[in-house]
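In the order they appear, the protein sequences are chains A and B. So the first sequence is numbered by this note's numbering: it starts at 1 and just counts up by one. So the second sequence is numbered by this note's numbering: it starts at 1001 and just counts up by one.
Hints in this document: simulated from the structure, not taken from any laboratory. Among the hints, a few may not be true.
[As the list claims (entries may be wrong)] Below, a list of computed lysine to aspartate or glutamate pairs in the EDC-like style, where the Cα atoms sit at most 20 Å apart:
#, chain 1, residue 1, chain 2, residue 2
1, B, 1073, A, 5
2, B, 1160, B, 1119
3, B, 1160, B, 1143
4, A, 24, B, 1011
5, A, 184, B, 1116
6, A, 24, B, 1012
7, A, 7, B, 1110
8, B, 1073, A, 102
9, B, 1018, A, 23
10, B, 1160, B, 1103
11, B, 1160, B, 1102
12, B, 1076, A, 180
13, A, 7, B, 1119
14, B, 1155, A, 102
15, B, 1155, A, 2
16, B, 1160, B, 1111
[As the list claims (entries may be wrong)] Chain A residues, not near chain B, derived (Cβ > 12 Å throughout):
#, residue
17, 6
18, 70
19, 85
20, 127
21, 141
Glycine residues also receive a C-beta, built at the ideal position from the N, C-alpha and C atoms.
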Amino acid sequence: MEFEELKKIWDAQNNQPLYVINEKAMYNHILSRKKQAHHITNISELLIIFVNIVSGIFVLGMNFFKQSGNLSLYILSAWMFGSALFMLVNRIRRIKGNNQFDRSMSDDLSYAVSLATYQVRISQIMRWNILPIGVFTLLGLWEGGKPIWIAIIVLLFFALTYYAGGWEHTIYKRKKRELEILQKKLDNES
Amino acid sequence: MTEKEQKQIFEDWLSQHKALIFKIVRAYAFTVMDQDDLFQEIIIQTWHSIPTFRREASVNTWLYRISLNTAIKWTKKERKHYQSETLEGVQHVLQESRMQTDERLRWLYEEIYKLDEIDRSITLLLLDGFSYKEMASILGITESNVGVKINRIKKQLISKSKKNDHYGI
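My request is simple: use the sequences and hints to build the entire structure.
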């Protein structure tokens, strides 16, 4: 069979709709998606910014009002504010790129790869970020003369967070690799 | 742009070009649940794209671009639906038409589905009569690259159709 005949079979479906649209459900879906933060990146970014700012304020406030003069805790709160600011700047850059619809498939894949690279980088940074935060927290506990069992619980908490961060990082890395393969397929002249 | 205007444009686009979206949905998603999921993704992207549409491209090309880009990325989504999942309690946007589908068309969709995501896009554009220039613009690759890929895909489809005489192809 020649390609023209395949095309005739294909064209015939234009007069026979394959599906029926439930319009009420469709508009409900559009409305619900407009209201919710639909992207996982969006949620994790906002969460990281919020957690870092609140924790930074809490640590700073506690240290300041107790007048303990604990330097590690001042450094820790500054580190948290810095992390929140870093995330905020990257978030603004990402959102600017999200509202473009006139991209070609190649450009769109490049954007998806750059977004995935950003997610990989952020998840890696946030994972490594746990280490200085953990160290400063433990130093703060030690300077404050807290019992050892509190330090052990805090250490366990940071270890778990570090492990979970690694799992998230692997997911983003896999997604990035898959997108790069697609991009390569598109660009390859074969 | 007011929401009322946006809705009006959306309705016009959908009534005139829904066949285009249906084809992409069927070529990229296998189960009914997945087809519904992909369709929802495409209509959301289409809805959001309306205020940025500047009429530099035709609506047909614009919708193809959005739908294909969405479908390609959708295939890499973590969660997919499976046929065994319950269909109860879920409000579906898309329902399969009760019309009898041509067996040859069913076969063609099966063959398109077997291609990788990039070749699927090219096949859909080719079957819908886009020129090499338009395809190169939608895909963001050179016309010569489009030509090379089309030759390979055409040969593949023709050779498979010859092996499937029982479909009347």
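Query raised in the report: Among the hints numbered above, which are violated by the structure, and what are their numbers in rising order?
Result: 1, 3, 14, 17
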